[in-house]
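K.L.:
All chains should be modelled from the sequences, with the hints used to inform the complete structure.
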Amino acid sequence: MPPTPSIASILASAMLPDAEKKRLERLLYADAGHGYDAFGLHPDYVAFGAVLTAWLYDKYFRVKSKGHENIPASGAAVLASNHSGAVPIDGMMIWADVLRHTEPPRVARAVADHFVPMIPLIGTLFARGGMVGGSRGNARTLLESGELLMIFPEGVPGVAKHFRDRYKLQDWRVGHVELAIRHGAPVVPVGIVGAEEQMPQIGRIPIKVAGLPFIPITLTPFPMPVRYHIRYGKPIPVHLDYRPEQADDPSAVREAAARVKAAVQALLEEGLAERTGIFA
Amino acid sequence: MSAFIKGVLVTGTDAPVGELLVRALLADPDIGHVLAIGQRRPEEALPIAHSARLTYLQVDLVRERQVHDLLFGPARDLGVEVVVHTAMSRSAMVEGGGVHALNVEATRALLQLCERHPTIRRFVLKSYAEVYAVQHDLPVLIAEDHPLNLHPNAPQYVRDRVEADLHACVRMGLSPLQIVVLRCAESLAPGTGSQLFDYLESPVCLRPAGFDPMINVASLRDIVRALQASVRASEQGVYNVPGFDTLPLSLAIHKWGRLGVALPSSWLTPLYRWRRKLRGHDFRYGMNRRRFHFSGVLDGRRARQVLGYAPNVPVDWPIA
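Order-wise, the sequence lines are chains A and B. All residue numbers for the first sequence refer to my numbering, where the first residue is 1 and numbers rise by one. All residue numbers for the second sequence refer to my numbering, where the first residue is 1001 and numbers rise by one.
Treat the hints as calculated values from the structure; they're not laboratory data. Be a bit skeptical, because a hint or two may be false.
[To be verified] Simulated crosslink set (SDA-like; lysine to any residue; CA at most 25 Å straight-line):
(1) A:LYS208 to B:PRO1208
(2) A:LYS59 to A:ILE278
(3) A:LYS208 to B:ARG1290
(4) A:LYS208 to B:SER1265
(5) B:LYS1255 to A:SER9
(6) A:LYS208 to B:TRP1267
(7) A:LYS208 to B:ALA1209
(8) B:LYS1277 to B:VAL1099
(9) A:LYS208 to B:THR1269
(10) A:LYS208 to B:PHE1292
(11) B:LYS1255 to A:LEU11
(12) B:LYS1255 to A:ILE7
(13) B:LYS1255 to A:SER6
(14) A:LYS208 to B:ALA1262
(15) A:LYS168 to A:PRO157
(16) A:LYS208 to B:GLY1210
(17) B:LYS1255 to A:HIS34
(18) A:LYS208 to B:PRO1264
(19) A:LYS208 to B:HIS1151
(20) B:LYS1255 to A:GLY35
P.N.:
If you want it as C-alpha cells, here you go:
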C-alpha cells in the first residue's frame, strides 16, 4: 500500500530541498476535510511524488522543457499531449514538470483511462498524486473547480502504437475540447519528444492482466534513458472562439480538436528538428 | 409557504434518525405538532419527555389498513402537512417478502394515501447513498443523476432501497404532493443499518490490498438537519445529503481505532462470510466490494443551493 501521509511527508521532507518543500506547501487544492480532496489527492503525496519522480526526471530522462509560461497560473485549463512509450511515463514527466514550473505549484490532474483505477496500488498511488479516472463527470467537476487537466487525446492507442508509428498522432479523440468549450477553459497543446523511443514496441499480447488492457511486446525490457523534451504551446482559446453551447456541435468540436492536434503535431516537429539525438 | 407547520408525521422513530428528528422538530417552535410512528409499544418508545406537541402511535406500516386509519384519523385531525418517511429495514441479513413489504410496498402505499389526503402537501423520503452504483468507470463525485445500482445480483438490501427511491421519484411532478427524496450518506452510528458502522465494529478491519477508496460518511445530526431543512423547504426533487467527513477507507479505519489489514480482495468475501456466521454481524463484503475498491463521494451542491443544507457536524471519531 502507499505509505501513510505522515510517512510520505517525512520522506518528502528528508529528500526534497528546503526551498522546494516550502514551495510545495503553497500547493492549492480543495481539501475535503481530512487533508484529502474528494478524488483522493493529498499534498504530502504530491511532495512524495515529486521525490519519486525526481531521479527519473533529472537523471534518467534528463527532461528539458520549454514554454512553461503557456501554462495558466490559475483557473481551469486542459493540457493536451501526445501519448506514447509502452509505459505511460510521459504523463508522470509532465506531472513533475508542471509541478516544478508553476507558481504557486499546480498539479496537472491526469485523466486516466478507465482501467487505471482498477490496477492495485498504482490506481491508489496515482489518485493521491491527483490522477482521476477518465469519466466525463470527473473531468467536469475538476474544470468547474478551476483545476488543470492533463488529457491524452490518443488514449491507450497512443501508448500502444507500434515503433514504426512513432510521432504519428493516432486517432485524436475530441472529448478534451468538448469539455474545454463547455466549461470555459483554454487548451494548452503539449508535445513530448523522446518518450516515443523509450521502449520500442513491436507487438502486443491481447491479454488483460491486473486491469491492463494488453501486454506490450517491446524490444527492451525497461524504458531506455532517452532524453525527454517537453514543449508547451500557446494556449488555444477554444473557450473564447466557441460558445459553450457549441460543445454539442459535432462539427465545431471536431474543428477545435483538429486545431489542437495540429498544434501538438507542430510542437513534435519542432522538437524533432531541434534535438540532436535520441539520448542527447 | 408560511413558516408555521401545523403538523409533521415521522415514521421510523424506533431508529436513531427518526428519534433525533422528532426531538429536533419538537425543539422548533414553528412546528405545531409531531406525530411519531414506530413499531414499539408506546411505553417502550421514544425516550422523550412528554410534550403536548408530541403524539406517539404504534403502527405497523406493512398493514395498509392501519396506515390508512392513521392518516385519515389522527393525522387528519392534527392537520399534518408534512410526512417524513424514514422507516426501512436496517439489516442487510434479513431478507424476504416481509422486508420488501416494509421497504417498498409500505412506501408505495403511504405515498398513494398521502396523495389523496386533505391536509398533507409534502412527502419526504429518507433514501440512501447505497442506491448509487460505484464503479471504476463512473465519476467519483456522485451527483443526483449518477447511475443507480441496478445490478441483477444486488442484494435485497440495495434493490429495495433503489425501488422505494425510484417509486418516489416517479411520482414527482405527477403527484399533487411535493415530493423530496434525500439520498443520505451513511451515518456511522449504531442502529442506523450502516454497513460501514458494522464493518468498523470489528477490532481488525480487512480491506482489499492495493485499494484505498475515498468515502463520505455523515453524522446523525447532519442527516437530521437535512431532513429538517427538507421539511421546511418549498422545492421538491432529489437531493444528495453528504456528510462532513470525506476520507480514505484506511483513514476511517484508523480514526475509528481499528487495525486495518490489507488482504487480497478474493479472500475477503469468504472471510467476512465466516465472520457473519460465527459472530452474527451484519456486514456483507460482497455487497460493499465495489465501494471498497473505487471511490464514491456524494456531491451535495444541489442540497446546498436548494435546501440550504451543508454538512457541518463531523462524525465523532474515537481518534482525533
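K.L.:
Straight-line Cα separation of LYS208 of chain A and TRP1267 of chain B no greater than 25 Å?
P.N.:
holds (21 Å)
K.L.:
Could you grab the alpha-carbon distance between LYS208 of chain A and PHE1292 of chain B and see if it respects the 25 Å cut-off?
P.N.:
holds (22 Å)
K.L.:
Between LYS168 of chain A and PRO157 of chain A, is the straight-line Cα distance small enough, at 25 Å or below?
P.N.:
Measuring from Cα to Cα gives roughly 11 Å; hence the hint holds.
K.L.:
Are the Cα positions of LYS208 of chain A and PRO1264 of chain B separated by 25 Å at most?
P.N.:
holds (18 Å)
K.L.:
Straight-line Cα separation of LYS1255 of chain B and ILE7 of chain A no greater than 25 Å?
P.N.:
holds (17 Å)
K.L.:
Compare the distance between the alpha carbons of LYS208 of chain A and ALA1262 of chain B with 25 Å, and conclude whether the hinted pair is satisfied.
P.N.:
holds (24 Å)
K.L.:
For the pair supplied as a hint, LYS208 of chain A and PRO1208 of chain B, confirm whether the alpha-carbon distance does not exceed 25 Å.
P.N.:
Judged against 25 Å, a Cα distance of about 20 Å means the pair holds.
K.L.:
Taken at face value, is the distance from the CA of SER1265 of chain B to the CA of LYS208 of chain A at most 25 Å?
P.N.:
holds (18 Å)
K.L.:
Are LYS1255 of chain B and HIS34 of chain A close enough, with their CA atoms no more than 25 Å apart?
P.N.:
holds (11 Å)
K.L.:
Mind checking the alpha carbons of LYS1255 of chain B and SER6 of chain A for me, to see if they're no more than 25 Å apart?
P.N.:
Holds: LYS1255 of chain B and SER6 of chain A sit about 14 Å apart, inside 25 Å.
K.L.:
Between LYS59 of chain A and ILE278 of chain A, is the straight-line Cα distance small enough, at 25 Å or below?
P.N.:
holds (15 Å)
K.L.:
Going straight from one Cα to the other, do LYS208 of chain A and HIS1151 of chain B come out at no more than 25 Å?
P.N.:
holds (23 Å)
When held up to the earlier numbered hints, the structure conflicts with none and fits them all.
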